[in-house]
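Student: The primary structure of each chain is shown beneath.
Number of protein chains: 2
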Amino acid sequence: MFKFEIQKNDTPTGARLGKMHTAHGIVDTPAFMPVATQAVVKGLSPEEVCDMGFQMVIVNAYHMFLRPGHKTVEEQGGLHGFMHWDRPITTDSGGFQVLSLAKTRKIKEGGIIFQSHLDGTEHFLTPALAIEIQESLGSDIMMCLDECPPYPSTEEYIKDSVGLTTSWAKLCKNARSKQDRALFGIVQGGVYPELRERSAGELAEIGFDGYALGGLGIGEDPGATYDITEHTLSFLPRDKPRYLMGLGNPEDIVTAVSCGVDLFDCVIPTRNARNGTLFTSRGKLVIKNARYTEDKRPIDESCCCYTCKTYSRSYLRHLFIAKEILVLRLLTLHNLSFYAELMRNIRRAIAQEEFSNLISSVQSHGGHEKIETF
Amino acid sequence: MFKFEIQKNDTPTGARLGKMHTAHGIVDTPAFMPVATQAVVKGLSPEEVCDMGFQMVIVNAYHMFLRPGHKTVEEQGGLHGFMHWDRPITTDSGGFQVLSLAKTRKIKEGGIIFQSHLDGTEHFLTPALAIEIQESLGSDIMMCLDECPPYPSTEEYIKDSVGLTTSWAKLCKNARSKQDRALFGIVQGGVYPELRERSAGELAEIGFDGYALGGLGIGEDPGATYDITEHTLSFLPRDKPRYLMGLGNPEDIVTAVSCGVDLFDCVIPTRNARNGTLFTSRGKLVIKNARYTEDKRPIDESCCCYTCKTYSRSYLRHLFIAKEILVLRLLTLHNLSFYAELMRNIRRAIAQEEFSNLISSVQSHGGHEKIETF
Numbered sequence: 001m002f003k004f005e006i007q008k009n010d011t012p013t014g015a016r017l018g019k020m021h022t023a024h025g026i027v028d029t030p031a032f033m034p035v036a037t038q039a040v041v042k043g044l045s046p047e048e049v050c051d052m053g054f055q056m057v058i059v060n061a062y063h064m065f066l067r068p069g070h071k072t073v074e075e076q077g078g079l080h081g082f083m084h085w086d087r088p089i090t091t092d093s094g095g096f097q098v099l100s101l102a103k104t105r106k107i108k109e110g111g112i113i114f115q116s117h118l119d120g121t122e123h124f125l126t127p128a129l130a131i132e133i134q135e136s137l138g139s140d141i142m143m144c145l146d147e148c149p150p151y152p153s154t155e156e157y158i159k160d161s162v163g164l165t166t167s168w169a170k171l172c173k174n175a176r177s178k179q180d181r182a183l184f185g186i187v188q189g190g191v192y193p194e195l196r197e198r199s200a201g202e203l204a205e206i207g208f209d210g211y212a213l214g215g216l217g218i219g220e221d222p223g224a225t226y227d228i229t230e231h232t233l234s235f236l237p238r239d240k241p242r243y244l245m246g247l248g249n250p251e252d253i254v255t256a257v258s259c260g261v262d263l264f265d266c267v268i269p270t271r272n273a274r275n276g277t278l279f280t281s282r283g284k285l286v287i288k289n290a291r292y293t294e295d296k297r298p299i300d301e302s303c304c305c306y307t308c309k310t311y312s313r314s315y316l317r318h319l320f321i322a323k324e325i326l327v328l329r330l331l332t333l334h335n336l337s338f339y340a341e342l343m344r345n346i347r348r349a350i351a352q353e354e355f356s357n358l359i360s361s362v363q364s365h366g367g368h369e370k371i372e373t374f
Numbered sequence: 001m002f003k004f005e006i007q008k009n010d011t012p013t014g015a016r017l018g019k020m021h022t023a024h025g026i027v028d029t030p031a032f033m034p035v036a037t038q039a040v041v042k043g044l045s046p047e048e049v050c051d052m053g054f055q056m057v058i059v060n061a062y063h064m065f066l067r068p069g070h071k072t073v074e075e076q077g078g079l080h081g082f083m084h085w086d087r088p089i090t091t092d093s094g095g096f097q098v099l100s101l102a103k104t105r106k107i108k109e110g111g112i113i114f115q116s117h118l119d120g121t122e123h124f125l126t127p128a129l130a131i132e133i134q135e136s137l138g139s140d141i142m143m144c145l146d147e148c149p150p151y152p153s154t155e156e157y158i159k160d161s162v163g164l165t166t167s168w169a170k171l172c173k174n175a176r177s178k179q180d181r182a183l184f185g186i187v188q189g190g191v192y193p194e195l196r197e198r199s200a201g202e203l204a205e206i207g208f209d210g211y212a213l214g215g216l217g218i219g220e221d222p223g224a225t226y227d228i229t230e231h232t233l234s235f236l237p238r239d240k241p242r243y244l245m246g247l248g249n250p251e252d253i254v255t256a257v258s259c260g261v262d263l264f265d266c267v268i269p270t271r272n273a274r275n276g277t278l279f280t281s282r283g284k285l286v287i288k289n290a291r292y293t294e295d296k297r298p299i300d301e302s303c304c305c306y307t308c309k310t311y312s313r314s315y316l317r318h319l320f321i322a323k324e325i326l327v328l329r330l331l332t333l334h335n336l337s338f339y340a341e342l343m344r345n346i347r348r349a350i351a352q353e354e355f356s357n358l359i360s361s362v363q364s365h366g367g368h369e370k371i372e373t374f
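Chains as they are written, first to last, in the working numbering: chain A, 1 to 374; chain B, 1 to 374.
It should be emphasised that the hints constitute simulated quantities derived from the structure, not laboratory data. Possibly wrong hints are sitting among the right ones.
Copies of one chain are not kept apart here, so a pair can be met inside one copy or by any two copies together.
As the list claims (entries may be wrong) - Keeping only pairs whose Cα atoms sit at most 30 Å apart, straight-line, the calculated BS3-like set for lysine-lysine is: (1) LYS42 x LYS103; (2) LYS288 x LYS71; (3) LYS3 x LYS240; (4) LYS103 x LYS288; (5) LYS323 x LYS71.
Based on the sequences and whatever the hints tell you, model everything.
Tutor: Right, here's the structure in full:
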């Protein structure tokens with residue numbers, strides 16, 4: 001059975017140190033889940049992801065449903081067998097991807113009619129189907145189907161959307177057949193504090209194993225993101241894990257942890273790596289920059305990842321410019337190692353009552369938004 | 001100093017078992033060199049290439065000269081330091097790439113004027129420059145600059161080309177400054193036995209550490225390839241290594257080994273892998289084929305590579321169809337493992353006087369040209 005244990009509450013901030021017990025083992029929180037959209041962390045083997053210290057990845061149910069099909073994955077031993085990852089797996093329900101990827105979509109009371117972004121075929125994604133897909137995939141943490149409205153949307157629209165998300169959440173809970181797997185509700189409500197409060201309250205009343213904050217980081221003012229996050233968390237049960245979906249940069253993560261968020265996923269470390277933008281202890285480094293042509297140093301002298309222990313900036317730049325695919329793996333390894341280390345530092349800082357210092361330290365690295373030229 | 005030792009001559013065939021001693025260690029022959037055109041075996045780390053048992057790779061001097069520049073590589077500790085490979089490295093001189101890649105090329109007595117395929121800049125590649133580049137790269141086996149005529153070419157053209165190749169070979173030998181690195185001559189002569197004989201004889205008279213057969217596998221009848229190979233080898237010193245450039249399929253390799261070839265390089269295993277065509281003990285397998293959608297078996301049940309020990313055809317097909325880059329690495333690992341095993345089997349068979357049996361066995365796998373549907 002899924003269980004969440006809080007081991008320590010940080011007093012100066014709202015940060016928590018915890019452990020999620022899942023059907024495939026423990027996840028120490030605050031945790032970051034590398035994104036394995038199509039049942040693979042792009043470019044990496046599961047052993048590499050595991051060796052960095054990640055305990056959980058997130059796979060996309062929408063993608064698995066369309067290709068290769070959740071029944072095919074089930075036949076192959078579920079996602080764990082299919083992708084050869086024996087640690088916990090979260091799956092997103094597909095609500096967000098239907099919004100962002102589908103060719104057309106039509107929201108009905110019973111679900112979402114959409115056309116596949118791959119071949120235009122029409123599908124009807126209902127709350128019950130979202131759960132059926134995720135149970136077939138064998139995920140340890142399933143997400144309810146939600147309606148994720150675009151930003152900006154009117155208060156009127158968001159109000160209806162919250163209502164729909166609540167009623168779908170009930171249907172999802174009812175559709176669930178595997179009680180050893182966790183099901184999280186997703187709070188919506190846009191940037192409207194009263195609607196967030198209502199959404200959080202209604203989901204808490206239904207009762208889930210954990211709660212996610214959806215519909216954030218989709219274009220709203222960054223200040224609003226954390227006001228809404230903090231406000232919403234105050235209406236969610238303190239003893240359940242809270243998951244901020246789809247965000248963040250290192251600064252996003254420490255800020256959200258200080259509000260009491262336990263779980264994260266984001267494409268930033270992996271996508272940035274593929275674009276050649278690297279996180280370092282001194283800010284971001286853009287590997288294709290001509291100044292690295294002859295640079296013998298590793299990406300980050302204080303990093304212990306395979307890439308930094310093995311290759312010079314000069315070689316990595318050469319591979320990047322020459323479009324050699326090995327570089328995508330090497331840079332992804334580095335960026336994810338940076339994130340794994342960040343999360344270890346966060347957990348250690350909370351344990352040692354030094355989390356406030358860590359926040360300032362992460363935020364002072366030029367905000368990581370500044371491109372360093374070192 | 002470079003040294004070649006023949007440990008055993010196969011009596012029923014012309015096959016030889018040997019050891020090349022290079023500045024970076026021993027290479028057991030017959031050997032296959034994975035192609036690391038741009039200082040990387042596409043998709044693989046050097047540790048992966050090494051773990052499969054390969055003792056030498058081949059890098060392209062033409063590519064390194066144009067990008068990142070041989071002086072940059074020299075600054076980074078030569079190719080060995082740059083690409084983090086501490087075993088022997090062969091470099092091709094660039095003659096073939098100037099033929100196949102350059103936008104325009106003009107053969108002069110003193111060298112080749114060509115335009116870079118990358119940015120159109122004009123360069124003059126002379127025998128002395130070809131050696132300077134390869135010495136900067138720190139290669140263990142350098143190749144002379146040759147003129148590689150297209151197929152078909154007239155006997156008249158090939159005759160001139162052989163003359164030029166001989167005179168360039170002399171200039172290359174004179175230009176060489178590092179005596180601990182090997183220099184191989186390249187026999188040309190097209191499909192004309194007399195011209196091959198002349199080319200081999202002239203190069204042997206100049207005297208090189210080894211001899212390569214160039215200008216084969218470029219469109220001539222496959223039967224002609226081996227007639228020419230066998231004929232040419234008879235005019236080359238028996239105590240020096242012989243390298244058949246750019247060929248082969250498994251059948252090519254066993255046939256050429258039986259003629260007395262010691263060294264191979266070819267893009268087939270790596271390029272086929274990226275196209276999803278896999279070598280197996282039962283013939284070729286095309287991973288994108290719909291029949292593998294639900295197939296739980298590994299690519300090859302008798303293969304011990306990481307890919308076969310870990311993943312189903314179903315998962316690999318999914319990654320391939322979904323264009324996930326990890327699959328390029330996994331399939332390349334498999335195909336190169338197949339080649340590493342083939343070369344081990346060839347060496348073992350020669351040692352145990354069973355090489356004739358191995359030839360029939362390799363050739364009976366549907367010629368590997370047949371696509372198996374298993």
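Student: Could you work out which earlier hints the structure fails to respect and list their numbers in ascending sequence?
Tutor: Nothing - there is no hint that the structure violates, so all of them hold.
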